[in-house]
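Asks: Position chain B relative to chain A; hints supplied.
Residues per chain are reported as follows:
Protein chains: 2
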Amino acid sequence: MIKITLPDGAVREYPEGTNSMEIAKSISEGLARKVIAANVNGEIWDATRPIRNDASVNLLTWNDAGGKSTFWHSTAHLMAEAVESIFPGVKFWVGPAIENGFYYDMDLGGRQISEEDLRNLEAKMTELAARQNKYIRKEVPKAEAIHFFQEKGDEYKLDLLQNLKDGEITFYTQGGFTDLCRGPHIPDTGIIKALKLTNIAGAYWKGNEKNKQLTRIYGVSFPSKKELDEYLLMLEEAKKRDHRKLGKEMGIYTMDDEVGQGLILWMPNGTIIIEELEKLAKETEQAAGYQRVVTPHIAKESLYLTSGHLPYYQESMYPPMELDGTKYYLKAMNCPHHHKIFAAEPRSYKDLPLRLAEYGTCYRFEQSGELFGLMRVRCLHMNDAHIYCSKEDFAKEFRAVNEMYLKYFRIFGIDKYVMRLSLHDPSKLGVKYVNEPELWLETEAMVRKVLKDTNTPFVEVLDEAAFYGPKIDVQIWSAIGREFTLATNQVDFAQGRRFKLEFTNSENGHDTPLIIHRAPLGTHERFIGFLLEHYAGKFPLWLAPLQVKLLPISDKYVGYAQSVLESLKNADIRASIDDRSEKIGRKIRDTELARVPFMLIIGEKEMNDHQVSVRRQGKGDIGVQDVETFVRDIKSEIKLRS
Amino acid sequence: MIKITLPDGAVREYPEGTNSMEIAKSISEGLARKVIAANVNGEIWDATRPIRNDASVNLLTWNDAGGKSTFWHSTAHLMAEAVESIFPGVKFWVGPAIENGFYYDMDLGGRQISEEDLRNLEAKMTELAARQNKYIRKEVPKAEAIHFFQEKGDEYKLDLLQNLKDGEITFYTQGGFTDLCRGPHIPDTGIIKALKLTNIAGAYWKGNEKNKQLTRIYGVSFPSKKELDEYLLMLEEAKKRDHRKLGKEMGIYTMDDEVGQGLILWMPNGTIIIEELEKLAKETEQAAGYQRVVTPHIAKESLYLTSGHLPYYQESMYPPMELDGTKYYLKAMNCPHHHKIFAAEPRSYKDLPLRLAEYGTCYRFEQSGELFGLMRVRCLHMNDAHIYCSKEDFAKEFRAVNEMYLKYFRIFGIDKYVMRLSLHDPSKLGVKYVNEPELWLETEAMVRKVLKDTNTPFVEVLDEAAFYGPKIDVQIWSAIGREFTLATNQVDFAQGRRFKLEFTNSENGHDTPLIIHRAPLGTHERFIGFLLEHYAGKFPLWLAPLQVKLLPISDKYVGYAQSVLESLKNADIRASIDDRSEKIGRKIRDTELARVPFMLIIGEKEMNDHQVSVRRQGKGDIGVQDVETFVRDIKSEIKLRS
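Just so you know, the protein sequences line up as chains A and B, in that order. If you want the working numbering, it's the position in the first sequence, counting the first as 1, plus 482. If you want the working numbering, it's the position in the second sequence, counting the first as 1, plus 482.
The shape of chain A in the complex, shown without the other chains (with noise of 0.2 Å):
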């Protein structure tokens, strides 16, 4: 017998070569019909592969992201194995899951693939997935490997199999199609129940120009028809509301060639909405007693090799400047910088937590094959705060950070949202995470336990934790049901250290602070090209560019408009005149277009009333106002941000 600790930390006893399908089955017929692979001691499995020892196993389902990549890696074959029936002598290379579904590049000997072809494969395809074809695990010797590939003629597979050792070495078959592949997969094919190609393009083989163009086919799956078709409709939604479109339409944000790739220009338009999320930001970080600072976007190499972001995160940044000898680089992360401000006056208990706050911007050098308007970018502001802080305080300051993303959350709408819990793999203590066996336990079991009191939905993983602490990923959706990663939370046993940071205690000695490094509002990049597409562009009334457009019916009612642009201003509204000579029913078009927020419609009446017709936006008529009220009634609605 073995011994199979469940997540929740029950211990069950199995016959040695059991697998996931039949614990799962142990424990329920319903949950085994769920699931997809298992993640056995931090390493995803097939459900059907026999577990000999003891083990740490969570089942994975479609609904976890182990889950789905496996359903989608077992679509590309099964989309490999359509491939190959009707077009026999076809030669593959890899075939990978990935964001939203999978792809596979192919040799297809010079034919082109249509859109007809598309259809034709999904038809094969879905005749295929319907025959519940076992996906079946085999470990082969590497000669025999060869050999295989040798008879089919597929020099792509053999040189992959050039790079792997004997012993390691598996194949997957299904139906009568079989590939060499490390797996995991799924059961079998009939668990597919719905698939859509998506795309073909071309991919040199191994991202080198020099060499033949292969043919890459995406897709993607579900394991019903229902959940295809809201994916799709959501694809159709997301494109309307491509932040890149939006973007430019509303005047948010412009790039240029020789500013750079990947460097926001924000326009006037976009600027206001980052001083608004600041004003957000800076209100709610002062309210939970954070301080302000300021600091520099560069500093000398020196600075980098203390916080040890050199060379480990090297990649990631620009290349230095180099002057007499110095290096300098532009910063990707303001932690170094605040914990020389912590470290710049003597510290004590009594001034802990102490909370430093900077929208600071910081310089990532993304590959620019990854850059995508806002989402990718190369400069990021970021909603930034370090808390230092003693062990006993840690629950309190991680809770209320907690509690200020579900505040934000709150606020912009966010109703489904995730914490990826990052946990580190204590057989790794020493090697991938800082050697404190029992911070670690301390403070991922705090972290838990906030989240848990907190109703906080979570996910824990293994082995994803940072060098210096558990980890935080939030993962966000939008109202149309996409998944974006807004921010990470993380806790920093190391930093502190490094920088011998310390505090007077209350006997006199000295502690090392515990760092928490946070971004509820992630970067105004990332986090204003989410909201784009979270509200259509159709902004809530707050953080609309333009808050209110006054539409006089003629020329004659223009002078009474501007009186009443006069009290808008003088009450901080973002407001503007359509004086054009155009007919009332076109500026209303337009002005419906332009998303913003309120139109006051203003003629004869309203002139000699004083008062303004409103129109909202999505709303239409909502009646006639005194301007006074109309003000009174706007900046509270503008206050409360709701």
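It is worth saying that the hints were derived from the structure and are not from the lab. Computed from a prediction, not measured in an experiment: that's the story for all the values here. Do not take every clue at face value.
A pair counts as met if it fits within one copy or between any two copies, since identical chains are not told apart.
Keeping only pairs whose Cα atoms sit at most 27 Å apart, straight-line, the calculated DSS-like set for lysine-lysine is [to be verified]:
#1 Lys889 - Lys910
#2 Lys730 - Lys982
#3 Lys1069 - Lys832
#4 Lys878 - Lys898
#5 Lys692 - Lys624
#6 Lys1121 - Lys764
#7 Lys1051 - Lys764
#8 Lys1101 - Lys727
#9 Lys722 - Lys678
#10 Lys878 - Lys931
#11 Lys982 - Lys727
Replies: Same frame as chain A, but now just chain B:
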């Protein structure tokens, strides 16, 4: 006869060979008594040097920068005369005027100079000055000059002579001392009425530490004893108000070797001041119709090739970051980025004037020897904006900018200021200045008119404009009378064209906008450095990092103090409680020393009556007030920034 053009445009005729002193006398004897030197065709000349051709002449007195520097340079010669009479055999290197006074570097053959020597030298100088010796200029052939210093055995002057051409060498003699010197000098030593030798230092010959160390004696001089006394008093006061000392004491800023020289880390108290200044700027600019933008701190080389900053400004920039053949530079100015935002959308005359504002952070590589506290730094947070306008709008826009300066001067109690209007030299059109003679005259006249219409004190300086248009340097004086250069205001004809910026004019044609570069609050670094001295750290209420300190007389009243603190915080007032178990007298003294504007003393009576006893910094006890009244009054004072 020759024609002499005076600064007011008047043209007078004088015999050929007249000098500036004679011109002054022809205007008034009183004026002639004040004349020290003259600006003749853009070059500073001895007032006694004959003028042979038609010329523009601007008479210089002690109140002109050129007058002061001539006065001080002549005093350096006077000091050399005194040194030579006391220490025969001394050899001289160079003796220039500097920002506040002069120095002379000399080789005393190993002799150390004591404080007593300085007092003796001062006495000797005073004695020599009283003789009213004339400074006599003489053109000397190179061979004769070399012979003179060979005879004297002065290898330093012989070294200087190596780099001078025959025909351009002059000697100046006063009393018994003759020096190799380009001049200019004051008419005679008699006007040096008061002087002080302030410092002795070592200085390597030619600044190279491998060379011999010379003795540098610093001094300063004035046309009256009263001015010297005021200056010495001011120096003493300036020492107390040293922004580096106050900046550390008050937790305003820090620096760190690992971050880098000249790179300021703003501590929480400094950041509060930064944020208040930015709030003021943003409010002011918003009311004046500016729009805000946010741009990255780097750009590709090509941007600065387009702007012309490369190669012309390269020395002041950090070296490039080079990757895959692309060079990125830290920005030393914001204009090119703003031009790109102008260019990002089609612009019509209806969109103009377009005013783009940003508190942009720029990086300039000042030499490490030049770095000085907040005054000379490498990272600058600039109160920047660029106004793109048509020629027709220029005067109105420029006037509005000027009025913004004056508004700020009122807010900060800056009573003394001068705008220095730098004009082009028509003879250098197309060489040093963009070849647009009419635009130069037109904009210079417009700028001059605005300054006159608004009664702004200003001086005009020939041949100091920017390449692309007239420039205004704003000089301000702190409360103790020290002069600071706050900011530069520029009119720009050229960048618009270099960046191919254009707008559609009302006739549907295309025009290039004029650009005004302006930064009324300069940089945070220099302005906060100035304010620290100006206010001696006692910031006005709205700027004070901590505005109110609550001082409970004993622990019994801490609870009530906390409720008062809540009321203050709810009103966004920066306040804290001194809850130490100290006597109230000690608490008051400490709070006075910490320069907090208001103290609220809280005891039995105050608690029972829901009141506070108010003490104001510098005024002492100002009586008992209701909490509500106090909060209301202080809020309104903050709002008024009075």
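Asks: Now look at each hint and say whether the structure bears it out.
Replies: Checked hints:
no.: 1; hint: Lys889 - Lys910; in the structure: neither (36 Å within a copy, 64 Å between copies)
no.: 2; hint: Lys730 - Lys982; in the structure: between (47 Å within a copy, 21 Å between copies)
no.: 3; hint: Lys1069 - Lys832; in the structure: between (60 Å within a copy, 18 Å between copies)
no.: 4; hint: Lys878 - Lys898; in the structure: within (25 Å within a copy, 53 Å between copies)
no.: 5; hint: Lys692 - Lys624; in the structure: neither (29 Å within a copy, 70 Å between copies)
no.: 6; hint: Lys1121 - Lys764; in the structure: both (14 Å within a copy, 19 Å between copies)
no.: 7; hint: Lys1051 - Lys764; in the structure: both (23 Å within a copy, 14 Å between copies)
no.: 8; hint: Lys1101 - Lys727; in the structure: within (24 Å within a copy, 60 Å between copies)
no.: 9; hint: Lys722 - Lys678; in the structure: within (20 Å within a copy, 76 Å between copies)
no.: 10; hint: Lys878 - Lys931; in the structure: within (11 Å within a copy, 64 Å between copies)
no.: 11; hint: Lys982 - Lys727; in the structure: between (48 Å within a copy, 26 Å between copies)
The structure fails to meet hints 1, 5 from the earlier list, while all remaining hints are met.
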